[in-house]
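K.L.:
As you go down the protein sequences, you meet chains A and B in turn. If you count by the working numbering, then the first sequence holds residues 1 to 307, one letter each, in order. If you count by the working numbering, then the second sequence holds residues 1001 to 1307, one letter each, in order.
Think of the hints as simulated: they come from the structure by calculation, not from any bench. All values reported here derive from a predicted model rather than from experimental measurement. Just so it is clear, CB atoms sit at the ideal spot from N, CA and C, and this is done for glycine as well. Just to be clear, a hint being listed does not mean it is correct.
Cross-link-like lysine-lysine pairs, in silico, DSS-like; alpha carbons within 30 Å at most [what the hints assert, rightly or not]:
1. B:Lys1124 x B:Lys1264
2. B:Lys1124 x A:Lys306
3. A:Lys193 x B:Lys1264
4. A:Lys264 x A:Lys124
5. A:Lys306 x B:Lys1306
6. A:Lys161 x A:Lys193
7. B:Lys1124 x B:Lys1161
8. B:Lys1161 x A:Lys264
9. B:Lys1306 x A:Lys124
10. A:Lys306 x A:Lys193
11. B:Lys1193 x B:Lys1264
12. B:Lys1115 x B:Lys1161
13. B:Lys1306 x A:Lys264
14. B:Lys1193 x A:Lys306
15. B:Lys1306 x A:Lys193
16. B:Lys1193 x B:Lys1161
17. A:Lys161 x A:Lys115
18. A:Lys264 x B:Lys1264
19. A:Lys264 x A:Lys306
20. A:Lys264 x A:Lys193
21. B:Lys1264 x A:Lys306
22. B:Lys1264 x B:Lys1306
23. A:Lys124 x A:Lys161
24. B:Lys1306 x B:Lys1193
The calculated label-pair distances, taken between Cβ atoms and stated as ranges, are [what the hints assert, rightly or not]:
25. A:Leu106 x B:Asp1221: 48 to 58 Å
26. A:Ala200 x B:Ser1113: 40 to 50 Å
27. B:Glu1166 x A:Glu103: 42 to 52 Å
28. B:Glu1196 x A:Gln119: 47 to 57 Å
29. A:Gly26 x B:Asp1098: 32 to 42 Å
30. B:Asp1221 x A:Ser113: 55 to 65 Å
From the structure, some residues in chain B lie toward chain A, with a derived Cβ separation under 7 Å [stated by the list, open to error]:
31. Phe1156
32. Ala1225
33. Arg1232
34. Leu1304
35. Met1305
36. Val1307
Number of protein chains: 2
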Amino acid sequence: MTANATVNPILVVGSVALDSLETPAGHREECLGGSASYFSVGASHFAPTHVVAVVGEDFPQAYLDHLRSRGVNLEGLEIIPGGRTFRWRGRYGEHFGDAQTLETQLNVFEHFSPKIPAQWRGAKYLFLGNIDPELQGRVLDQVENPHLVALDTMNFWITGKRHALEAVLSRVDLFILNETEARLLSGERNVYKAAEAVQALGPRVVVVKRGEYGALLFHPDGVFAAPAVPLREVIDPTGAGDTFAAGLMGFLARADETDFATLKRAVLTGTVLASFACEGFSLDRVLSLTTAEVEERLARLESLMKV
Amino acid sequence: MTANATVNPILVVGSVALDSLETPAGHREECLGGSASYFSVGASHFAPTHVVAVVGEDFPQAYLDHLRSRGVNLEGLEIIPGGRTFRWRGRYGEHFGDAQTLETQLNVFEHFSPKIPAQWRGAKYLFLGNIDPELQGRVLDQVENPHLVALDTMNFWITGKRHALEAVLSRVDLFILNETEARLLSGERNVYKAAEAVQALGPRVVVVKRGEYGALLFHPDGVFAAPAVPLREVIDPTGAGDTFAAGLMGFLARADETDFATLKRAVLTGTVLASFACEGFSLDRVLSLTTAEVEERLARLESLMKV
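Start from the sequences, fold in the hints, and give me the full structure.
P.N.:
Printed below as a string of structure tokens:
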């Protein structure tokens, strides 16, 4: 499955990391990870993707090859001479859910300051991966009138950098977060009230992910409830959120449309992409996806909602 | 909203109780409760309902009038001279969820032995409310070749009377349970695996309720995912499960059809009825429902799933 070259490219700013993972299904050392990796590989099935991120000189050539094999444009990937790549070690318990962080080594990521290459500043579609909201704001300062800006974040920034997060949220169109984050950010337990409070911070469109219960899309024209893909086995949920965003943004960029109807299909596509991410360690399953696999699973997902 | 007299009646066996409730929205003493009360009033909007249950002589005439005002047939309601009605006292915490039982007085319910009046033994639609599975089995012994038997239960019977429960489950067509109960009964955390394990116990159709996340219908022809009604305020969730079953069974009895397509609409109708039950204490909101209110909410629910 490859993106048509005439499709609008998506610019993604986030992390490229080496993940060491323990899940009930096994463990892996220093595999390809980070929000920008998951996002760019996922979105590459729909649109050309341009990555702005940083790694150290130790970053494996094989992983660069993986990203390039999907057509991911790495001109914006800084490689710091003598630097060490961002590393994360996490463990998932029996029922998956949130990972327990065992170790974080920021390394070159500690002083990451995203620089958008001049030729990408007019990007129509921009995804601000889960990084410091101050950096997300600095990315927005460098782009010119994008058509759609989407943002991801995490509880760490909601509690630790709320002011900066609210400042950047006032400048984005689409905010993708999970139910726990929506409650934390809004102070509302009810998901409908929480989403409205989040919309009031700026984003016209809010997508609340609910894991095995699906996702809710809040749009000025209405609400859409997407079921989850009926997964029987999870191998590794790392990057599922970024891959969800990738399917969603990839669908929008390819359609070059952001109305309610297109966003609904985009949410279903994100749901499907995320389900594949969970079926293998790291990006194993997402790298090898075919159009037919995505279409087949989309049809299965839609059949669940057919009255 | 009233049931057409030509519609197949539904026979329900369960409890009629006096509930004392504390919820974040307030408290009520000795209001109308019990599975057969919630079910019969809910189902009365779709089909004639016949109740088999027991109360004491202290049961308030006003509550008998409430039930009769909905056309509920009480010929099968035993009133034990000098007896005291089943009482339950429960409290819901800030986030609702399961009630904490503060007090249970079984009273006349302790020696309840359901007797199906001769004229109702040919009932086509039968709902076995949440009572001892041995009693549910004795009800089945008294009916002749029903078209559809549905059953509800609770964790208390799953852990305490598993053998009797499995025996009765092998004789029913439709089993309605919540996600926690499905996991408890099957030993499977994954809801798809859990539902299949439950189906393997006998019921051809299994409905797994997931509270604010909606419900899943498992049918030999496929799976259907119903979203929840977007409720902003909950007053009292007592009886929501029985009212869900009432909308579901009421829809089936009125349609006189139990195929997959009809069951999907029945699940949506149950979802809507249950949402009304949560919006008032006891049966307040369900007693006063109009056809227009049900239709309007069904349309709103379906709009959530429209791709």
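K.L.:
Hint by hint, note whether the structure agrees.
P.N.:
Now the hints, each set against the structure:
1. A C-alpha spacing of about 20 Å is found between Lys1124 of chain B and Lys1264 of chain B, which places the hinted pair at or below 30 Å, so the restraint holds.
2. Taking the CA atoms of Lys1124 of chain B and Lys306 of chain A, the gap is about 28 Å. The hint holds against a cut of 30 Å.
3. Restraint check for Lys193 of chain A and Lys1264 of chain B: satisfied, since their Cα atoms lie roughly 28 Å apart, inside the 30 Å limit.
4. Taking the CA atoms of Lys264 of chain A and Lys124 of chain A, the gap is near 20 Å; set against the 30 Å cutoff, the hint holds.
5. Under the criterion of a C-alpha separation no larger than 30 Å, the hint pairing Lys306 of chain A with Lys1306 of chain B is consistent with the structure, at around 9 Å.
6. Between the alpha carbons of Lys161 of chain A and Lys193 of chain A the distance comes to roughly 22 Å, so the proposed pair stays at or under 30 Å and holds.
7. Pair hint Lys1124 of chain B plus Lys1161 of chain B holds up; C-alpha atoms about 27 Å apart against a cutoff of 30 Å.
8. At most 30 Å may separate the alpha-carbon atoms for a hinted pair to count; Lys1161 of chain B and Lys264 of chain A exceed this at roughly 45 Å.
9. Among the hinted pairs, Lys1306 of chain B with Lys124 of chain A is consistent with the structure: their alpha-carbon atoms are about 28 Å apart, no more than 30 Å.
10. Of the pairs offered as hints, the one joining Lys306 of chain A and Lys193 of chain A holds, with about 27 Å between alpha carbons and a cut-off of 30 Å not exceeded.
11. Simply put, Lys1193 of chain B and Lys1264 of chain B have alpha-carbon atoms about 20 Å apart, close enough for the 30 Å limit, and the pair holds.
12. The hinted pair formed by Lys1115 of chain B and Lys1161 of chain B meets the criterion: a straight-line CA distance of about 22 Å does not exceed 30 Å.
13. Restraint check for Lys1306 of chain B and Lys264 of chain A: satisfied, since their Cα atoms lie roughly 9 Å apart, inside the 30 Å limit.
14. As the CA atoms of Lys1193 of chain B and Lys306 of chain A are separated by approximately 22 Å, the hinted pair is consistent with the 30 Å bound.
15. The hinted pair formed by Lys1306 of chain B and Lys193 of chain A meets the criterion: a straight-line CA distance of about 22 Å does not exceed 30 Å.
16. Between Lys1193 of chain B and Lys1161 of chain B the CA atoms are separated by roughly 22 Å; this keeps the pair inside 30 Å, and the hint holds.
17. A threshold of 30 Å between alpha carbons decides the hint, and for Lys161 of chain A with Lys115 of chain A the separation of about 22 Å falls inside it, so the pair holds.
18. Among the hinted pairs, Lys264 of chain A with Lys1264 of chain B is consistent with the structure: their alpha-carbon atoms are about 21 Å apart, no more than 30 Å.
19. For the proposed pair Lys264 of chain A and Lys306 of chain A, the alpha carbon gap of about 15 Å is at most 30 Å, so the pair holds.
20. Only pairs whose Cα atoms come within 30 Å are accepted, and Lys264 of chain A paired with Lys193 of chain A is accepted, the gap being roughly 20 Å.
21. Taking the CA atoms of Lys1264 of chain B and Lys306 of chain A, the gap is near 9 Å; set against the 30 Å cutoff, the hint holds.
22. For the given pair, Lys1264 of chain B sits about 14 Å from Lys1306 of chain B by alpha-carbon distance, which is consistent with the 30 Å threshold.
23. About 27 Å separates the Cα atoms of Lys124 of chain A and Lys161 of chain A, which keeps this hinted pair within 30 Å; it holds.
24. Between the alpha carbons of Lys1306 of chain B and Lys1193 of chain B the distance comes to roughly 27 Å, so the proposed pair stays at or under 30 Å and holds.
25. The hinted range of 48 to 58 Å is satisfied by Leu106 of chain A and Asp1221 of chain B, whose Cβ atoms lie roughly 52 Å apart.
26. The hint said 40 to 50 Å for the Cβ distance between Ala200 of chain A and Ser1113 of chain B, and at roughly 58 Å that hint is violated.
27. Checked against the hint of 42 to 52 Å, the C-beta distance between Glu1166 of chain B and Glu103 of chain A comes to roughly 47 Å, which is consistent with it.
28. A C-beta distance of roughly 53 Å is found between Glu1196 of chain B and Gln119 of chain A, which places it inside the suggested range of 47 to 57 Å.
29. At roughly 35 Å, the beta-carbon separation of Gly26 of chain A and Asp1098 of chain B lies within the given 32 to 42 Å, and the hint holds.
30. Taking 55 to 65 Å as the suggested C-beta distance range, the pair Asp1221 of chain B and Ser113 of chain A conforms, at roughly 56 Å.
31. Hint status for Phe1156 of chain B relative to chain A: violated, with the closest Cβ pair at about 24 Å, above 7 Å.
32. Interface hint at Ala1225 of chain B: satisfied, since its Cβ lies 4 Å from the closest Cβ of chain A, which is below the 7 Å cut-off.
33. Using the Cβ-Cβ criterion of 7 Å, the hint placing Arg1232 of chain B at the interface with chain A is satisfied: the shortest such distance is roughly 6 Å.
34. For Leu1304 of chain B, the shortest C-beta to C-beta distance to chain A is roughly 4 Å, which falls under 7 Å, so the interface hint holds.
35. Interface restraint check for Met1305 of chain B: the shortest CB-CB distance to chain A comes to about 5 Å, inside 7 Å, so the restraint holds.
36. The criterion of a C-beta within 7 Å of any C-beta in chain A is met by Val1307 of chain B, whose closest approach is roughly 5 Å, and the hint holds.
Checked against the numbered hints given earlier, the structure breaks hints 8, 26 and 31 and satisfies all the rest.
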